[in-house]
Amino acid sequence: MYEQFYGFSERPFQLTPDPAFFFESVTHKKALSYLGYGLNQGEGFIVITGEVGAGKSTLVGHLRNKLDPERVTIGEVVTSGLDGDAMITMAAHSFGFSAPSGDKAAALTAIESFLHEEARAGRKVMLIVDEAQNLSVGALEELRMLSNFHLGSQPLLQMLLLGQPEFRQLLEEWDELEQIRQRVIAAHHLEAMQPEEVEQYVKHRLAHVGWTDNPAFDPAIWARIHEESRGIPRLVNRLMSRLLMRAAAQSRSRIDVDLFDAVVAEMHGRSVDRQRKSPTHMVEPTSFAEDQPAPQGHEEAEPMTDDRNGGGGLLEAQIEAIESAFGERDKAIAALRREIADLGEARQSGVSDGDVDARLEKIEARLDEQERSLRHVLSMMIDYFESSATRDAA
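The numbering of the sequence shown is this note's numbering, which starts it at 1 and goes up by one.
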């Protein structure tokens, strides 16, 4: 992969959040200020919103690394689409203990007892809830009720809600959430990076993996990267990964506008060679989101072609597809583990074995689809190398 060609210690532009690469853009610096203020208050709700890929998870990971675990206990709920009772159960699990299933009063008592113990030990407690835009009104109301726990005049639980832009709109407009709005003590919406920040962001991540100006960059590409990515960090990562992959495949020591244009054309499914009559198609990395089935068919994907015949972009795309697919598979497995844990809770709370078995079958089907997709991409690469070896022998 390209990190080996350029001597990087690791991949600098992974799509999965990594707080070690945290970049303090203007908007992220403001978010940290709001988080610091909120933490000092020690109560109520802190709300951080942003587009998909804006860096919410990386920001929270950076925050967690800065907090002293001896002074702050953090729980995190990442399962979305919860109702009120499920939220209570997941809140308890996030702090490392099981709440009684099917007995909401007992579960609340267990949580309150835990919060009292933490307060007596001199520790603050924060609950982080991700993907808040998917929570039901009932689940949000239960969070508000949890924020009522006090020890004398001392609040026992503070909450950080992370969500996409629609959650911000939901909070502003829904009458049912008035009481939560009144308890929001700090809020910030993560904006896109400014044009001048894109170069800083890219070089920050490269420096983290030992970059020493190889490859070099044409100054003209930074504005183009901002325009293509809209300043969203995850989209910058995706574009930079493609650029570095193609540059390494061509043994380049400089990334220029021509290379950028070729990569962007490929990402949009356009032909790089204007003489071709039809666009070049490539297999995109498959997304294995928990509720999104993997693609069913791959029969129409074009065969890979040899670099010597001008088709090297397809090979690069397939290599990156494998790289991205394995990263997505790791995330999918984590999501499936959470779902399996939820199934255990469902079984204990009286859900029928038939319903549980049906959900388990869906999990198995998703894993099978992921495996087939990866095998397909790998088989295409094997075919490519075998045909290349045959041509070399001839």
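What the hints contain is simulated information worked out from the structure, not anything from laboratory work.
Be aware that one or more of the hints could be misleading.
Derived DSBU-like pairs (lysine-lysine); straight-line CA-CA distance at most 35 Å [claimed, not checked]:
#1 30 / 203
#2 30 / 66
#3 66 / 124
#4 66 / 104
#5 104 / 124
#6 66 / 29
#7 29 / 124
#8 203 / 29
#9 203 / 66
#10 30 / 104
Estimated spans, in silico, between C-beta atoms of each pair [stated by the list, open to error]:
#11 256 / 67: 20 to 26 Å
#12 212 / 151: 22 to 28 Å
#13 104 / 30: 23 to 29 Å
#14 24 / 261: 54 to 60 Å
#15 4 / 145: 49 to 55 Å
#16 184 / 138: 16 to 22 Å
#17 134 / 7: 40 to 46 Å
Glycine included, C-beta positions come from ideal geometry on N, C-alpha and C.
_Holds or violated: the 49 to 55 Å window for the beta-carbon distance between residue 4 and residue 145?_
53 Å, holds
query: Given the hint that residue 30 pairs with residue 66, does the C-alpha gap stay at or below 35 Å?
result: Judged against 35 Å, a Cα distance of about 16 Å means the pair holds.
- [ ] Mind checking the alpha carbons of residue 66 and residue 104 for me, to see if they're no more than 35 Å apart?
- [x] It holds: about 34 Å lies between the C-alpha atoms, which stays within 35 Å.
- prompt: Within 35 Å, alpha carbon to alpha carbon, are residue 203 and residue 29?
  reply: Judged against 35 Å, a Cα distance of about 18 Å means the pair holds.
*Has the given pair, residue 30 with residue 203, been kept, meaning a C-alpha gap of at most 35 Å?*
The given pair, whose Cα atoms are some 21 Å apart, holds under the 35 Å limit.
request  = State, for the Cβ atoms of residue 24 and residue 261, whether the hinted interval 54 to 60 Å holds or is violated.
outcome  = At 31 Å between Cβs, range violated.
query = Between residue 184 and residue 138, does the C-beta distance stay in 16 to 22 Å?
reply = Holds, since residue 184 and residue 138 (Cβ atoms, about 19 Å apart) stay within the stated range.
Okay, residue 134 versus residue 7 on CB: inside 40 to 46 Å? Distance hint for residue 134, residue 7 holds at roughly 42 Å.
* For the pair residue 104 and residue 30, does the Cβ-Cβ distance stay inside 23 to 29 Å? -> Once the Cβ atoms are compared, 38 Å apart, the range 23 to 29 Å for residue 30 and residue 104 is violated.
Check whether the Cα positions of residue 29 and residue 124 lie no farther apart than 35 Å. Roughly 23 Å separates the two Cα atoms, so the pair holds.
### Query
Is the straight-line distance between the alpha-carbon of residue 66 and that of residue 29 35 Å or less?
14 Å, holds
Given the hinted pair residue 66 and residue 124, is their Cα-Cα distance within 35 Å? 14 Å, holds
This entry does not satisfy hints 10, 11, 12, 13 and 14, going by the numbered hints stated previously.
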